[in-house]
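Asks: Here is how the chains run, residue by residue.
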Amino acid sequence: MSDQKISVAVSAAPTTAKHRVDPLAIIVRFQSLIGLVLVAIGGVIFSPRRHGEILFLDPDNIANIVRAVSETGIIAIGMTFVIITAGIDLSVGAVLGLSAVVTATMMISGGFGLIATILAVLVMGTVFGIVQGTISTRFRLEPFIVTLAGLQAARGLALVVSGNQYINISYGDGPGLAPPVFAVLGERLFDNTVPVATIVFIIFAAIATVVLNTTRFGRYVYAVGGNERAARISGVPVSMVKISVYAITGFASALAGIVHAGQFNFGSANDGMGYELTAIAAVVIGGTSLFGGAGSMVGTVAGTIMLGALANILQLNNITPAMQLLATAAIIVLAAVLQSLVRRREGLGR
Amino acid sequence: MSAPLLSVTGAVKRFGGVQALRGVDFDLKAGEIHALLGENGAGKSTLMNLLSGVYTPDEGEIRIDGKQVHFNNPREAQAAGIATIFQELDLVPSLDVAANLFLGRELMRPGGMLDVPAMRREARQRLEAIELAIDPARLVADLSIGQRQVVAIVKALSYASRVLIMDEPTAALTVSEVERLFAIMRKLAATGVGIVYISHRLEEVPDIADRVTVMRDGRVAGITEPHAPQAELVRLLVGRPLDELYPERAKSAGKTLLSLKNASFRLARESAGWQPPDDISLEVREGEIVGLAGIMGAGRTELLSALYGTGLAGRWQGEVAVDGRPVKLESIHAARKAGIAFVTDDRRGSGLMLRMAVGLNLVMSVIRRISPAGLMSPRRQAEAVRQSFGQFDIRPKNPDIAVGALSGGNQQKVVLAKEILGNPRLLLLDEPTRGVDVGAKGEIYARLRALAAQGLGILVASSEMPELIGLCDRIVVLRQGRNVAEFIGGVDEHTVLAAANGREA
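Chains A and B, in that order, are what the protein sequence lines are. Here the working numbering is used: the first residue of the first sequence is 269, the next is one more, and so on. Here the working numbering is used: the first residue of the second sequence is 458, the next is one more, and so on.
Honestly, the hints are just simulated from the structure, not real lab data. No residue lacks a Cβ here, since even glycine has one placed at the ideal position from N, Cα and C.
Here are the in silico distance ranges between beta carbons for each label pair:
{"no.": "1", "chain 1": "A", "residue 1": "S507", "chain 2": "B", "residue 2": "E705", "range": "41 to 47 Å"}
{"no.": "2", "chain 1": "B", "residue 1": "D803", "chain 2": "A", "residue 2": "P505", "range": "17 to 23 Å"}
{"no.": "3", "chain 1": "B", "residue 1": "R520", "chain 2": "A", "residue 2": "L292", "range": "36 to 42 Å"}
Sequences are here, hints too, so could you generate the full structure?
Replies: Structure follows, in structure tokens:
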């Protein structure tokens, strides 16, 4: 959903000529939503049944899907900002691991309270992103390299903090115990239907959508990805924008790390392994271009849920993880091919 | 003479409902340089693509030496002796000259190893055959645009040697590079090669062409002598007499807006052939259009960029004042604060976000103004877009399509409209009509003059001398980074050229 077309006030613009709408462009614009619907239909058709009930549609199963995707979803939302600027952040999974470890350590060994811990971890993630963004812009390094180094650094720090141990979180009142309220992250609200992790994901997604579509900063993000030099000449503070998007992924990764620790009641240096790739896949399936300048938050959310739903169907049918990987691969390629076709149709080259 | 080298009769080409060619006849003799003129959309690119095998005609036929031919792809056209040099040169910048010339047809040693010395030797011979001394071992990335152009010609001729089709080869060249290219073209023609020369630049036609075909609306509007009066060519091109391409000059100018006295700066990046400026003195007054003339490397682009706070290392030296007050133009931020706006010579590379909508591009320099408290206001955005469409006749009149899909002239109008939305006091323009057709040029000139009449000061650099002479109130000539002469508008072209080249007039 290309964003730019939505955010411009079409109605008020001086349109006289009727312009043709390319059906392919429409498909790409809504590709992740269409994909989500297709996967859902496939889920209903291929779902195993028990006593005539479709297991895929069972409220427990739905809750499981949206809970399972909430961590990568939070990360993918941050990643969308970065990718729209034509950047990439490979450090997100590692920062999640570091954040989970620090969360557990602060509460269990450090004796910090809930609020202090959460604030400290969020600040840590944000600062981590700011450092990466600053190094990348200051020394004109590819974000790929800087965040690859960031990934190693975050994993290394997590190992140091955790001593390569699982840090279990036990709840209670007193030293060495975490405040019981933290365990709510692993629970469900509203009559035991909606997972709390999912609520965090949805709120974060909503805020991000508003920021991207309606604020000056959001417009700057598109501008930097659309043409960095043109943005600079137009007076856009390009370096600030770039540093900010890495700050956002850092913040998102820390938030996901806190959710992770709360859901699983431990922190480990290996948490979030490979999440960066799942998040990038969700963003791309959501229609955001790796070339920058185009993309949408709604697409990312739909892409995230679609990947989760797909994995769920395959699991319900006892299909091997190997097949799941192949199915994901096929969908990523399909999404990329569709985008490439539209670019070529617009006469804008590869 | 018997049958012409190449002839096209009754060519028709449709794309969906659009008829791009409506029965075109065209012929080319051996040893002839035949200029093909036309505005954007006139059909000259389509015709060129038929000749080079990219498209096949729906009706009509193509003959070589009187024998009918059918090209299903560019390879077949090459095999028949037709070589095409497109605007985007098909060269690999990261490879050396010899490797580019032999790309896909590398000379090998027995055993499957590349025979690099043989390719370089051969490349040197071919380059020397047209009197071009380029080291075949140099990277294409290190060559000037003019040198690349010649390498592309040599490459094309090594595929096919009878017909050479050149699409706007001079668009990015400086005056002296154009002269060198023309010399090479004449030399090739003397050996019997027929050259189809496609261009926007009317003033080049008498210098190079033996014959001129003008296209309009998918038809041949006329075939004339190259020395036909320019007014006649313009009438054929646009289909009506265009009395005044250039608007009337200003009667008077206001107070001084920008003034440089003994100013200089250093470049952030070294660039070949460039000498750091010392002692630039010039001024631009309100309501005035001032031109910057000079050969490549004279520092036109560098001066404009530095006035916009980019591309310079450290600070400006000497006196730089806006409105009589000294300013430090060391950042884009500072320049914009002083009311300066800049339109680059590279609209695709640094002027526009090609994949984004026209409307979004237009408001790019006024995002702050249309986002009170940091929130984008759709109403203010639509107002700004409407204002731009009111000022410039941007076609299609639709702010929602990607700006990359517009023609060059319309893209240029978007870039200009974008900067004008910011209400600058001084507008810096670098090559404001590069790759823009005559109709759009006239509109841009009229618009600039109207803006100047409202008090805007304009400093414009251009390598098109007639443009500077026709448009500007005053022309400042730069040579080796300093201002060496100044003329009032309407001055004779040779006088300016002489000053730019450091010769006596």
